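Asks: Once you've looked at the hints, dock chains B and C against the given chain A.
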Amino acid sequence: MIRHALVGAATLALAGCGNPQKIDPMQQVGPNPVLPAPHEELVAAVGVPKVVGWKPGETPIVPNGFHIEAMATGLANPRRVYPLPNGDILVVETDRQGSEPVDRPKDPIRDFIMSMAHGGGGAKETEGSAGKPQRITLLRDANGDGKPELKTILVDHLNSPFGVVALGGYLYVANTDALVRYPFTPGQTKITAAGQKVLDLPGGLIDHHWTKDLTASPDGSKLYVGVGSNSNSGERGPEAETNRASIWEVDAKTGAFRVFASGLRNPNGLTFYPGSNTLWAVINERDELGPNLVPDYMTSVKDGAFYGWPYSYYGQHVDRRVRPQRPDLVAKAIPPDYALSSHVAALGLTFYTGSSFPAGFRGGAFVGEHGSWNRTAYNGYRIVFIRFAGGRPVGLPHNFVAGFIGPDGKARGRPVGVAVDRTGALIFADDVGNTVWRVTYTGGNSGQPRA
Amino acid sequence: MDGRNPRSTASIGGHPLHPMIIPFPIVCFVGTLVADIFYVSNHVQGWATASNWLLGFGIGFAALAAVTGLTDYMGDERIRRLGVALRHMLANVTAVVLEVVNFVIRLSDQSKIDSIGIILSAVTVVVLVYSGWLGGEMVYRHRVAVLDRPDDPAA
Amino acid sequence: MAETVAHRPVRPISIVRHPIYSLFLPVPVVCFIGALITDLSYLNSGGNLLWVNFSAWLLAAGLVFGVVALIILLIDAIRGSAAWLAFGLLLAAWIVEFINSLVHARDGWTAVAGLGLILSIIGTVLVLVAGWFSRRAVEVVP
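Just so you know, the protein sequences line up as chains A, B and C, in that order. Under the working numbering, the residue at position 420 of the first sequence is numbered 420, and the numbers go up by one with no gaps. Adding 1000 to a residue's 1-based position in the second sequence gives its number in the working numbering. Adding 2000 to a residue's 1-based position in the third sequence gives its number in the working numbering.
Only chain A is shown next, with the shape it has when bound in the complex:
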């Protein structure tokens, strides 16, 4: 009797925890997103499309008047693209090495599920490297036709690199555990000199959010490094989060650093707004509070500001999971500028500085949304465009590149880093599709961003 009642109750409880996702993602964009109450499901919703890659001739979808073509294929998990002033493009092919130490039974189970998210098409081995890719490839497209004449490995045997910056005769590379630099002048196709370590970065055994993005201040005196948190919401303990979940400001000459802004769970896409001294970034917010919490966001990053992680989100919305609580920090947490909706996994950000796209694009932001895992209805898996006016985002995001998930629900590719090349074309890295794509404007319709 008791047994039957318990089994019945258990079934009901599990069924009742399949929460319908009643919130339209468009209600969660902009400065005032709708934030529902937290809903911790018994089994966290997982929706990860199987990776099948691109068939020959298959491409992502772009709006009328635009044309997309693969610049380079057969890469190994490309995640960052960095155009140099001479037209060369650096492609960072990278992945995390090893897996996180096991703290609790959930860890290996979760890691297995996450590995399916990046499985299938990613990280092929090619000659010259063993194991996961850890290198920067150089593409030379001198005539700007989108078909590189040269594809060569610039530097190899890095350590889970992510952000790169060419500055002052050096190429700075943010490995997961150190900022290093190599003597480098644009025009070089190979780096043979040994790297010089500028600064240690928080790596370690856990290294949960391992990508260290990098950018330089407009005057070239400072570098900014994005350092993601070591956990989802502090469940690895406070010691694991020392100096993490923050953006560091590094003196390019001396390597001295200070924490520029904190409470940013996983900041990437660090970019200064053109013609300003305002740093912008896209941030991946926390998981397992339901399919519609917490929206990822794009924000200007203020010096000395605290943005909430782990204690709260969007200002004073407290995360009940985090103990001991810090009401003092929650009180001074500032909300971000522009929400992108939940679980889109924004990893790339660039501002349009070219002139080959229609005028409506100038000064606006392209955001690479890698795509969701903590929802059964996919979100992200696209590149969106957000118009800026007066240095501030306005309006809704518009889908600019889509079609990464096919009609069969399987992933052909997933966008990561975005950049604007010398010709004003948008280029981006597609990690599970192992491709760098290039989007040009060919005319035809007005090509204005869709309303």
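For the record, the hints were derived by calculation from the structure and aren't laboratory data. Warning: the hint list may mix true and false statements.
Claimed, not checked - Quick look at which bits of chain C chain A covers, simulated, 3 or more residues with Cβ under 8 Å: (1) 2040 to 2050; (2) 2099 to 2106.
Unchecked claim - Each pair of labels, with its calculated beta carbon distance range: (3) A:Asp303 with B:Ile1105: 48 to 54 Å; (4) A:Ala37 with B:Val1100: 47 to 53 Å; (5) B:Gln1045 with A:Gly168: 39 to 45 Å; (6) C:Ile2015 with A:Ala37: 52 to 58 Å; (7) C:Asn2048 with A:Lys55: 48 to 54 Å.
Keep in mind that this is a model prediction, so the values were computed, not measured. Ideal placement from N, C-alpha and C gives every residue a C-beta, glycine not left out.
Replies: Frame of chain A; chains B and C shown alone:
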């Protein structure tokens, strides 16, 4: 008339206490070995801390088990006559002594887990397999503390 | 008297006369009780993650060995050498603690506070009662 089977002195309402308690130190000491194996493989502090707690609780529960076991041993001459009982007791005492030494060593120097600590944990588990088997023999072959049944032939 | 003389109890599945289910049944009992203790320690400590991780491991061990105990108890119950009530209670405890392990997988305070602790208490009570109804393992030997 005492009945054919050796009786347990440490019992409540006819239910012997010793068999109820022994799973606790056994699970704790096996858990200590498991935690040691995890610690030696990844050196995450949490596993060493878990080991210490399991070891400490195991020793405490073992003391409780020892008290009930000794009470039973002293309380019925038929148990004392069993060679199995003496071997069982000596094996258990050995196990507890090993674990107390284990505990003291690692409290003063945690890195000893990698060398002597995990060895002591493993040896103890082996000893417990032996003594546990003997305990089973005492119940299932020699019928210590088993309820007498009317149709059992008299001693 | 007539019943006890006429009815010879069936021997449970054994290795050289040591019943197997009595080897495995204590493991989930100890683990689930242990998980309740570590849950209380977690709440008492104000959120020291060591304790909730400990709980998660104890629950996992209890569930894994609980499956073994359930299978053996099921076979013995069918054969008439163990009580169906013991099997049913252990199954109920297992289901409760399985759901409990999902709750305990949450990242932090909400893994225990509220639903987690309640399920730990219910599971512990059920498994203790299941153990009680299996005391025949040591007290009645055919």
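Asks: Okay, which hints does this one fail, numbers in order?
Replies: none
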